[in-house]
Amino acid sequence: MKQLTIEAFKAMIQTALAQVKAREDEFSALDAVIGDGDHGTAIVTALGAVVKAGGNGTEFKAMLNDMGFGVMLETSGSTSTLLGAFFLGMSDHAAGTALDAAGVKAMFAGGLANVRKQTQAKKGDKTMMDALIPAVEAMQESASDDVGELLSAAAAAATHGAAETVGMKANFGRARNYGERSVGYADSGAASWSCMFNAFAEAAKE
Amino acid sequence: MSTVKTKFINDPEQITAELLEGYVLCYPDKVKLAGENIVVRANPKAEDKVAIVTLGGSGHEPALSGFVGEGMLDCSVVGDIFAAPGAQRLFQALQLMKREAGILLVVLNHSGDVMSANMACQLAERAGINVKQLVTHDDISAGIGAPAADRRGLAGCVPLFKVLGAAAEEGKSLDELLEIGKRFTDKVATLAVATGVCTHPQNNALISDLPKGIMEIGMGQHGEGGGGQKPLVSADETATEMVDLLCQQLKPAAGSKLMLIINGTGATTQMEHNIIFRKAYRELEARGLQVVSSRIQEILTVQEQAGFQMLIAVLDDDHILYLNDKKADAPYWTTIGK
Chain A
1 MKQLTIEAFK AMIQTALAQV KAREDEFSAL DAVIGDGDHG TAIVTALGAV VKAGGNGTEF
61 KAMLNDMGFG VMLETSGSTS TLLGAFFLGM SDHAAGTALD AAGVKAMFAG GLANVRKQTQ
121 AKKGDKTMMD ALIPAVEAMQ ESASDDVGEL LSAAAAAATH GAAETVGMKA NFGRARNYGE
181 RSVGYADSGA ASWSCMFNAF AEAAKE
Chain B
1 MSTVKTKFIN DPEQITAELL EGYVLCYPDK VKLAGENIVV RANPKAEDKV AIVTLGGSGH
61 EPALSGFVGE GMLDCSVVGD IFAAPGAQRL FQALQLMKRE AGILLVVLNH SGDVMSANMA
121 CQLAERAGIN VKQLVTHDDI SAGIGAPAAD RRGLAGCVPL FKVLGAAAEE GKSLDELLEI
181 GKRFTDKVAT LAVATGVCTH PQNNALISDL PKGIMEIGMG QHGEGGGGQK PLVSADETAT
241 EMVDLLCQQL KPAAGSKLML IINGTGATTQ MEHNIIFRKA YRELEARGLQ VVSSRIQEIL
301 TVQEQAGFQM LIAVLDDDHI LYLNDKKADA PYWTTIGK
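As given, the protein sequences belong to chains A and B, one line each in that order.
FYI, the numbering used here numbers position 117 of the first sequence as 117, with every residue one higher than the one before it.
FYI, the numbering used here numbers position 75 of the second sequence as 75, with every residue one higher than the one before it.
Hints are supplied without guarantee of correctness; some may be wrong.
[Said to hold, decoys possible] Keeping only pairs whose Cα atoms sit at most 30 Å apart, straight-line, the calculated BS3-like set for lysine-lysine is: (1) K98/B x K123/A; (2) K98/B x K61/A; (3) K182/B x K117/A; (4) K132/B x K122/A.
Honestly, the hints are just simulated from the structure, not real lab data.
Could you put together the complete structure from these sequences and hints?
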């Protein structure tokens, strides 16, 4: 796939919603180890708001902006803040009705840059950033001009990043107080974001 | 959780709407509702002046809506009991307050409030609204010198509203207000003590655990523990310990001019507040410090939590001017002014 169209992007988000929904209980159970145990519900609700807000989009910048506004206005909590920031950041760096590989790279880099403004968490802190940062980096490092290959590289890196959180001690936010208890379990946010990136790659193959 | 009714309420889900309705009905010349759970001044200030807006959960009355009025807040955005309002409501309020001069959003450092503020400000920025945030973090219970991010916002926001409100009425720019506000928040410290906990009004659950006869220094606004539980000691001993901790944080130079506020959290009597204030004042005097602005008042409560917050601020000339000489006319804070 040399071009990512609006319709293909919508299919990516819808696939992500379906796959996150299928693993909702798993993400909540991971969150319960050190948190409220509501991450599964939170990410499903937030992605649901993204899908709903972008349904009628016909142009990348406006659609991504609507998606960001939708998640932030319809839902609340840290999951929504970060997901909303991701879409608003993507909106700042995308335009038109189709994106080539360079356009896709710029869009995802913009999303990550805006998430970084919302959280101080770094790689290794056992958060969703452990999936998001490697995913976007792998995409930037790829020399391919095929959008599907970029998304596959991102998915593989996100999966690896999420798996690495199993051995990490939570080092961020409230979870920091339960650092030791978190070892042996993946971070719920890293797991759900990795699930999203894998869904993106899968949808792009179809 | 007890099923015994202890509060004069109706439908628990309607508490916030009903308390705000009663409040604006009582002070119609000063405040009104401008949307669901959005309180604004009855007589808005001129559009060319910066608007001061804040947000926070209900259940802390008179905070924060009690300080909407001339020379203080322009708008308060209210959440449910002890819960931040969502970004949607805050964004709606920012749209209402939109003006060229800008909006200063005062955020008490509690994760829910900070998150809603961050979201709403991101959206506001994209909607062409000029808004800047000032986060308050006056609680010192996380330890002397603890990073600002770890310190909660307590009653220190209230005199800050007065300082900012007066400066905004004077026509200061958004950047000037931010600078004035930061100077104040850097020099204000608050410490809470509790001797009895409160129940959550919606489900009657105790929001923390504190046995009778025990005090806890450092308890937060929602019963979050401060760590220091011990048998209740006298007013003088309590006041002395708290003044000492607050001075360790603020390190006021000899001869400094201070603000001293005793804020009741709900169930402790005015009698006790007066006795505490007396000792705190004397203790500061003995340290060669001068109290130039003071209050004993319930400004930020925690339902029927017993105890109080002691607030000390080191004031510079600007702050003294704004606190004492400039008019404020909010339902729960009045300064006649010069």
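Okay, which hints does this one fail, numbers in order?
1
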